[in-house]
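Based on the sequences and whatever the hints tell you, model everything.
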Amino acid sequence: MRVRRVLVLALVVCFSLFAGVAQAKTFVSIATGGTGGTYYPIGGGIADVVSRYAKDVQATAETGNASVANLNLIGTHSIEFALVQNDTAWWAAKGEIMFEKAYPNVRAVATLYPETNHLITMRKANIKTIHDLKGKRISVGAPGSGTEADMRCLLEIAGLDYPDMKKVDFLDFNNTVDRMKDGQLDAGFVVAGWPVAAIMDLATTHDVDLVSFDDEFLAKLQKKYPFFVKDVVPAGTYRGIDHDVVAPAVMAMIVVDADVPEEVVYQFTKAMWDHIDEVQRTHAKAQLITLETAFDGLPVPLHDGAARYYKEIGLKIPEIK
Numbered sequence: 297m298r299v300r301r302v303l304v305l306a307l308v309v310c311f312s313l314f315a316g317v318a319q320a321k322t323f324v325s326i327a328t329g330g331t332g333g334t335y336y337p338i339g340g341g342i343a344d345v346v347s348r349y350a351k352d353v354q355a356t357a358e359t360g361n362a363s364v365a366n367l368n369l370i371g372t373h374s375i376e377f378a379l380v381q382n383d384t385a386w387w388a389a390k391g392e393i394m395f396e397k398a399y400p401n402v403r404a405v406a407t408l409y410p411e412t413n414h415l416i417t418m419r420k421a422n423i424k425t426i427h428d429l430k431g432k433r434i435s436v437g438a439p440g441s442g443t444e445a446d447m448r449c450l451l452e453i454a455g456l457d458y459p460d461m462k463k464v465d466f467l468d469f470n471n472t473v474d475r476m477k478d479g480q481l482d483a484g485f486v487v488a489g490w491p492v493a494a495i496m497d498l499a500t501t502h503d504v505d506l507v508s509f510d511d512e513f514l515a516k517l518q519k520k521y522p523f524f525v526k527d528v529v530p531a532g533t534y535r536g537i538d539h540d541v542v543a544p545a546v547m548a549m550i551v552v553d554a555d556v557p558e559e560v561v562y563q564f565t566k567a568m569w570d571h572i573d574e575v576q577r578t579h580a581k582a583q584l585i586t587l588e589t590a591f592d593g594l595p596v597p598l599h600d601g602a603a604r605y606y607k608e609i610g611l612k613i614p615e616i617k
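Quick note, the sequence shown lines up with residues 297 to 617 if you use the numbering used here.
Calculated from the structure, these hints are not laboratory results. Quick caveat, the model's predicted, so the values are computed rather than measured. Heads up, the beta-carbon is just placed ideally off N, CA and C, and yes, glycines get one too. Be careful, since some hints might not be right.
Pairwise CB distance ranges (calculated) [unchecked claim]: (1) D460 - G391: 24 to 30 angstroms; (2) P557 - H502: 24 to 30 angstroms; (3) E396 - G479: 35 to 41 angstroms; (4) A531 - I616: 30 to 36 angstroms; (5) A320 - E574: 24 to 30 angstroms; (6) E392 - K321: 33 to 39 angstroms; (7) A398 - N361: 27 to 33 angstroms; (8) R475 - H539: 23 to 29 angstroms; (9) A580 - H427: 29 to 35 angstroms; (10) P400 - T501: 43 to 49 angstroms; (11) E574 - G610: 18 to 24 angstroms; (12) P522 - H427: 50 to 56 angstroms; (13) D460 - T331: 38 to 44 angstroms; (14) A398 - T500: 42 to 48 angstroms.
Written as structure tokens, this is what we have:
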């Protein structure tokens, strides 16, 4: 009788251990941005649906310092997922501009929504195209930032460089707008999803315009730098700008460390897209996240787990060189 009890107890213990293993969750983190920005609420929405609907994955959104810092975390295997800009992911994979070494382990889950390259001008400066920046006073973004890297790309396609300008300042977008208000700049470069509060503020007190880019310019830009996409800032977005503005944009995206297991990334991707309507309710920009644009401006290869999901629903996997 005692032997039988021991055997039964042993079976109960084994069953409990097996059940515990079967129900074990894989915990992952998503690096986002500051609590006042866009990345944090959207990352939180993604983490929430993954945690509720992925069978074996528990996700947590963490505050972060946006693209460059987040990609350094991915590159050094310090976090599993991150929200970043696709242009910055491009530079990270290559080890260029703001990255001292390449991070070949950066993989994509999806691109999410556009962040537009605003080339904003004072009307009195008479700047109609990017070529008209020659001899003007401009701000190109903080030094070493993704904004400045984008501006260099645009100037390169236009056949311009910093020495062609009368003056070049390296300022973030708030300081750029302040200098424009003070009459110290003719134009400034801001990369952000529209509408941008700082530009709206400037437009309420000054006559400003946005430079539009033609299809020929955009085709040349995208051929060399495929992370750019075409975007349109609708007329009336900013006071006094009563025409649609065609502009290059980069894409916010979610990336993952290549070392994260395929099954984990598959479950993460499936839960996110199967319940994207819940993510879309977290922020106005999240409403632009759709499967139709999930590969727009994709700068790095998809993770095998994400690719598995897209193949499962019949999408063709893009080839990223």
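Status of the hints after comparison with the structure:
Evaluation of the 24 to 30 angstroms hint for D460 and G391 yields a pass: the beta carbon distance comes to about 28 angstroms. Under the hint 24 to 30 angstroms, the C-beta atoms of P557 and H502, about 53 angstroms apart, miss the expected range. For the pair E396 and G479, the beta carbons lie near 38 angstroms from each other, so the given range of 35 to 41 angstroms is met. In this structure, A531 and I616 meet the distance hint of 30 to 36 angstroms, their C-beta atoms being roughly 35 angstroms apart.
For A320 and E574, the Cβ-Cβ distance of about 25 angstroms falls inside the hinted range of 24 to 30 angstroms, so the restraint holds. A C-beta distance of roughly 37 angstroms is found between E392 and K321, which places it inside the suggested range of 33 to 39 angstroms. The beta-carbon spacing between A398 and N361, approximately 21 angstroms, falls outside the hinted interval of 27 to 33 angstroms. For the pair R475 and H539, the supplied restraint of 23 to 29 angstroms holds, since their beta-carbon distance comes to about 25 angstroms.
A C-beta distance of roughly 34 angstroms is found between A580 and H427, which places it inside the suggested range of 29 to 35 angstroms. A hinted range of 43 to 49 angstroms for the beta carbons of P400 and T501 is consistent with their spacing of about 48 angstroms. Evaluation of the 18 to 24 angstroms hint for E574 and G610 yields a pass: the beta carbon distance comes to about 23 angstroms. Between P522 and H427 the C-beta distance comes to about 23 angstroms, which lies outside the given range of 50 to 56 angstroms.
Roughly 40 angstroms separates the CB atoms of D460 and T331, a value that falls within the hinted 38 to 44 angstroms. Under the hint 42 to 48 angstroms, the C-beta atoms of A398 and T500, about 44 angstroms apart, fit the expected range.
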